[in-house]
Amino acid sequence: MSGEREHQHPASSTKHLLSPLLELRGIRKSFGPVRAVRGADFSLAAGEVHALVGENGAGKSTLMHIAAGMVLPDAGTIQVNGREVRVHSPREARELGIGMVHQHFTSIPGLTVGENLALAVGRLDPSGHSGGTGWTAGQIESRLAKGIDLRSPVHSLSVAQRQRLEILKALATGARILLLDEPTALLTPPEVEDLQGLIREFVASGGAVALITHKLREVLGTSDRVTVLRRGIVSLRGATTDQTEQSLAHAMIGAERVASSEAGSGEQRDPFATLEVTAGALGVTVGIGGIELRAGELAGIAAVEGNGHRELLRAIAGLGALPGVRVKGTVAFVPEDRTGEGLIGELSLTENLVLGLGADPRWARGARLDWNAARQRASELIEAFDIVAPGPDARAGTLSGGNQQKLLLARALEGQPGVLVMENPTRGLDVRTTDEMHRRLRGAASAGVTVIVHSTDLDEVLALADRVLVVLRQEVREAPRGADRRLVGGMMLGVEHGQRSTVNGQR
Amino acid sequence: MKGPALRALLTGTIALLIGFAVLAMGLAAAGYDPVLALGSLWRGAFGSWYALTSATLVRSIPLIILGLGVALGFRAGVFNIGADGQFYAGAIAATWVGLQVAGWPAFAAIGAVWIAALVAGTFWIVVPVLLKVRFGVLEVISTLLLNFVAEAMVSYAVTGPLMEAKRIYPQSDPVAAAARLPALSGSRLHLGILVALVLAVLLWWVFTRTAWGFRLRAVGLGPRAAEVSGRISSRRVVAVALLCSGALAGLGGGVEIGGVTYALFQNLSPGYGFSAIAVALLARNHPIGVVCTGLLFGALEAGAQGMQREAGVPAVAVQVTEAVIILVIVLAEVLVRRAGTLRASQPGTEER
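Residue numbers (this note's numbering), protein chains in the order written: chain A, 3 to 509; chain B, 185 to 536.
Keep in mind the hints are simulated off the structure, nothing from the lab.
There may be inaccurate statements among the hints.
Claimed, not checked - So the derived list for chain B, only partly shown, Cβ under 10 angstroms to chain A, looks like this:
no. : residue
1   : Gly-210
2   : Ala-214
3   : Trp-389
4   : Val-390
5   : Thr-392
6   : Thr-394
7   : Gly-397
8   : Phe-398
9   : Arg-399
10  : Arg-401
11  : Gly-406
12  : Ala-409
13  : Glu-411
14  : Val-412
15  : Ser-417
16  : Arg-420
Note that the coordinates shown come from a computational prediction; the quantities given were computed from them, not determined experimentally.
Here a beta-carbon is modelled for each residue, glycine too, at the ideal position from N, C-alpha and C.
The task is simple: from the sequences and hints, build the whole structure.
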């Protein structure tokens, strides 16, 4: 620890030498084919704020959920106060003095602050809960501050006050270890300072805080140590004072060029023979701000969550308006939420095909639907897209994620769109299906469709796209051709400046 | 017959048997002779040509028409619990028009009554529709509350503007002869049965063969996917579905006035709107199924009267049977669904 930091956190200097309050070792966790955490360590000492950063899907939330007893690890050990423990439920975590504060608020708006606190602890007397290390009721009440008293109903509180209440609720249970998931996402800068004050106060009284955040400036301003996760593995750990925004961004994104999954794909840019995709009408363009996409281009959209790219994709798809977004031609949209927005699980494959294509002349006879014709086409698509399903009458909900995604893509292309918009096209898919999805997307582009893909996995964007668009704070900028991971990542985080193109309106 | 239909029929039969078993045990426990009681139940419903046509089928008609209306709402994922209110609104309008059409040709008089009933039923659900579409007020509550308003309107009508000329009983005068539905000779079975059957077939065709019927189902099963992937305005679909549901219930009221009572009075509906919910649910919102369950409930209610006459068993005993049947079927559905989710819940969840 360097001197500067110790000025700000006098309590932290000595306590680092003690054994950590919380220690996670060799944690692994997979969700189906997705390896979220691949052997990560993380420790928290009394009196420190330890920032945990990484891209979306890097595994930070999963790691914290494991510590909070919400997710069971596949492998690895958890120690609290040097003793190995099992944390199989949030309740067990609470008994061990671990409290987690989630991004979404969990207070009940109709109840008062006091009632919510009482609900969180069972009774507002945490002294009996965890050996007297937590804050007492009086301490909690005195920290409510700023116009909140125990009798105000929660719905009358501001966002910042609610956020504070969430933290105090965790503390009221006697937590000494506080896991905060993006606590400042919704706060204004002065509110962020208030929150940081509360965190420091808690840390100074012997608590420990793990802080998940996307905001690098906040990491540098608030934390004593920082751990960077990248693809489920720790890619950097050290004292915060030794870091800069650039070094953190570098560790988050990695320096290597476009990775994997592209092996041997050079020959696959031909349109595939099994599917008829006619070229979008000539002159189909998508104008995003000042950026124009032409027929046959495959554009990748890279952005960190919450920067407006989702609204942008939906505006392009015609599901909401944004100033500066102008689309000519028919647009097909494949949403990320396959069974919520893409397919209706209770309906058959045929019916889902008709759902997305509506009054297609092949089966629409005035107001009547010719289901046999639709079923026929569904069978052909099942064949052409290699969809593993018992048949066109099978319910879409019974298909695997990969086959659902193939069905969605088949349906989208079946409408012969000029533009295809896709959100996280390979989320949760295995390697083989991912490759196939990429191949088909390239094929669609070669056939003249303007393909716009957003993926939270930057590598996927870079591997797929001819042109990379970065959305940061509602602004769209284009990365220079051939930009590498580091440059694009910097643009996503706003630490390096690419070429600014145009303002894309406001929310 | 396809798997799901066969399964539905099987669960229905089992539920029916369990319901009757419970009824028999209850009757025995209460000191009645179950054989005599169940026998009189059967005779009351199916024992004679007259029982079948004039009791069972006549009672089935409003149940089927209202059941179709409720099923239409369910298809779009909305719950019209106010079919009774719309039934009354239709009955009031039908009575009023029926009193004006003396001397008209029968088809014109009947047509005018039906149109009045349809319009009134639609009108009665307009407010819930607006509240739902504009402000997101639950239709379950708004349609239910309007039932009480409709009942009060009937009370007002039969003691005020529509009260009989003699001014003795709180009821209307009988509607003009031209407005009365022709009946099968020697029975009380009226033209309404054809209305019910034609509507059922029509709705079956709409549900299974038309784009509108498909949109209805898509909105009912996946409103978000319907909006995002189907570009369907689920609000509009829901609004139209509720309006049609109200129109059908209103027509049910008009048919009851024109075919059975010829006059308006309080408690005209012995809870048809609520029985219709059970009728629709048991039929899984399938129009042809609604005809079957409507007939079943009509038979049970007709049989209940017979049981009361012959064996002295209070008619409410049959309501217990109806309730048991519904519970068994609902339970069977839950069990089937749970078995389904267990099979489907293989790992494959994603990080969110």
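Consistency of the hints with the structure:
For the restraint placing Gly-210(B) at the interface with chain A, the shortest Cβ-Cβ distance is roughly 38 angstroms, beyond the 10 angstroms limit, so the hint is violated. For Ala-214(B), the interface hint is violated, the least distance from its beta-carbon to any beta-carbon of chain A being 44 angstroms, above 10 angstroms. Hint on Trp-389(B) holds. Least Cβ distance to chain A is approximately 9 angstroms, under the 10 angstroms limit. For Val-390(B), the interface hint holds, since its Cβ comes within 10 angstroms of a Cβ in chain A; the closest pair sits about 9 angstroms apart.
Taken as an interface hint, Thr-392(B) checks out: its beta carbon lies about 8 angstroms from the nearest beta carbon of chain A, inside 10 angstroms. Because the smallest distance between the Cβ of Thr-394(B) and any Cβ of chain A comes to about 5 angstroms, under 10 angstroms, the interface hint for this residue holds. Look at Gly-397(B): its Cβ gets to within about 8 angstroms of chain A, closer than 10 angstroms, so that hint holds up. Residue-level restraint check for Phe-398(B) holds (minimum Cβ-Cβ distance to chain A is 6 angstroms; threshold 10 angstroms).
Because the closest C-beta pair between Arg-399(B) and chain A is about 9 angstroms apart, less than 10 angstroms, the hint holds. About 7 angstroms separates the beta-carbon of Arg-401(B) from the nearest beta-carbon of chain A, less than 10 angstroms, and the hint is met. Here the hint on Gly-406(B) is kept, as its CB sits about 3 angstroms from the closest CB of chain A, short of 10 angstroms. The beta carbon of Ala-409(B) is positioned within 10 angstroms of a beta carbon in chain A (closest approach about 5 angstroms), and the interface hint is therefore held.
Given hint, Glu-411(B) at the interface with chain A, holds; its Cβ is 8 angstroms from that chain's nearest Cβ, closer than 10 angstroms. About 4 angstroms separates the beta-carbon of Val-412(B) from the nearest beta-carbon of chain A, less than 10 angstroms, and the hint is met. Violation of the interface hint for Ser-417(B) is found here, the shortest Cβ-Cβ separation to chain A being roughly 12 angstroms, above the 10 angstroms cut-off. Nearest Cβ of chain A to the Cβ of Arg-420(B): about 15 angstroms, over the 10 angstroms cut. The hint is violated.
Of the hints listed earlier, those the structure fails to meet are numbers 1, 2, 15, 16, in rising order.
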